[in-house]
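Visitor: Put together the whole structure using the sequences plus the hints.
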Amino acid sequence: MLDKFDLYEICVQSPDYDVRMLDAIHGASPRTLGEDFCGSAAISRAWVARGRGRRAVAVDSDRATLERAQSKDPGGGRITYVLADVLQARERCDIVTVQNFSICELRERPALVRYLSHARSRLARGGVFACDIYAGSDVFFTGRIRREIVGPGGEKITYTWEHRTTDPLRARVQNAMHFVVRPPAAPPPSRTGRSAGRAAKVTDFRSGVAPKARTQRFDDAFNYDWRLWSPPELADAMMEAGFSRVQFYPRFAEAIDDRERFHVLPIEDSNELSDSFSVYVVARK
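In terms of this note's numbering, the sequence shown has 306 at position 248, counting the first letter as 1, and numbering is strictly consecutive.
Derived from the structure by calculation, the hints contain no laboratory data. This one's a predicted model, so the numbers in the text were calculated from it and none came from an experiment. Every residue, glycine too, gets a C-beta built ideally from N, C-alpha and C. Possibly wrong hints are sitting among the right ones.
Now the in silico label distances, taken between C-beta atoms and shown as ranges [to be verified]: (1) Ala107 - Ser334: 28 to 34 Å; (2) Ser332 - Asp74: 35 to 41 Å; (3) Val208 - Ser179: 40 to 46 Å; (4) Gln232 - Gly211: 28 to 34 Å; (5) Gly109 - Ala271: 36 to 42 Å; (6) Pro210 - Gly184: 19 to 25 Å; (7) Pro324 - Val70: 21 to 27 Å; (8) Gly133 - Gly201: 41 to 47 Å; (9) Arg303 - Arg240: 44 to 50 Å.
Using 27 Å as the maximum straight-line C-alpha spacing, the simulated DSSO-like pairs for lysine-lysine come out as follows [claimed, not checked]: (10) Lys130 - Lys343; (11) Lys62 - Lys130; (12) Lys343 - Lys214.
Guide: In structure tokens:
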């Protein structure tokens, strides 16, 4: 049975794609990834899956969430789990990343700059910090976006992203995720007697031996109270934190070579963006 973290990974995340993007953005041969505000640590798992020499540091302050992440650990001891505030993480990394707009959990600018400065201190030479944000003309509208997704076992999942309240004057939003999971369609009853002179096993799915799967609802599975940082606000905070350069990258690769490596270039002109968009904000040490 799927839990809310499974549903988050299925409906919201693309971990393998994201780590390939981080590889391309770094541009060299990164080995150690720091995933701050890691949640279920799906990014860390995808990172170590791409090479035996890779390691990850997954940091989160919620014990239950981190214990759940550890329960999904692939083994091998290549992911270090840190139950702490992100400011307490000390492990050195080639990349430190904050995914799924979690940078917006830092609601005051001094706290944002303090965190960015700390993240920079953890980076190895040539390291990068990368976070994603969403922006554009409709970020302060309220409403719901609904998607239908087929789960790994054929489940029919309805995923709803809700913009619940917005405050454009303070750039604050409250958002929520909801899921409804309907079981896959049951196979039709099968009742065969003799066929071609051979005795056939009789199967009747109406016998009631197996209980009927029930629809699961996850209302308010995840709730967020965010300060939506704009691209220039984040860039200014990163420079104040001591980074040497800040760039904006698209969320999706522009090219994939015959070795399945992603290739991306920084966004140079805002005309490349749509009215509403999501980008990586990347700070280089």
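Visitor: Determine for every hint whether it applies to the structure shown.
Guide: A quick look at each hint next to the structure:
The hinted window of 28 to 34 Å between Ala107 and Ser334 holds, with their beta carbons roughly 32 Å apart. In this structure, Ser332 and Asp74 break the distance hint of 35 to 41 Å, their C-beta atoms being roughly 25 Å apart. Val208 and Ser179 have their C-beta atoms about 44 Å apart, which keeps the hinted 40 to 46 Å range intact. Between Gln232 and Gly211, the C-beta spacing of about 32 Å keeps the proposed range 28 to 34 Å intact.
Checked against the hint of 36 to 42 Å, the C-beta distance between Gly109 and Ala271 comes to roughly 38 Å, which is consistent with it. One distance hint, 19 to 25 Å for the beta-carbon pair Pro210 and Gly184, is violated here, with the actual separation near 38 Å. The hinted window of 21 to 27 Å between Pro324 and Val70 holds, with their beta carbons roughly 25 Å apart. Distance hint check for Gly133 and Gly201: the Cβ-Cβ separation is about 43 Å, which falls inside the suggested range of 41 to 47 Å.
Between Arg303 and Arg240 the CB atoms are about 48 Å apart, so this pair conforms to the stated range of 44 to 50 Å. With a CA separation close to 32 Å, the supplied pair Lys130 and Lys343 exceeds the 27 Å bound. Restraint check: the Cα-Cα separation between Lys62 and Lys130 comes to about 14 Å, which is no more than 27 Å; the hinted pair holds. Our distance criterion of 27 Å between C-alpha atoms is broken by Lys343 and Lys214, whose separation comes to about 44 Å.
Hint compliance for this structure: hints 2, 6, 10, 12 are not met, and every other hint is.
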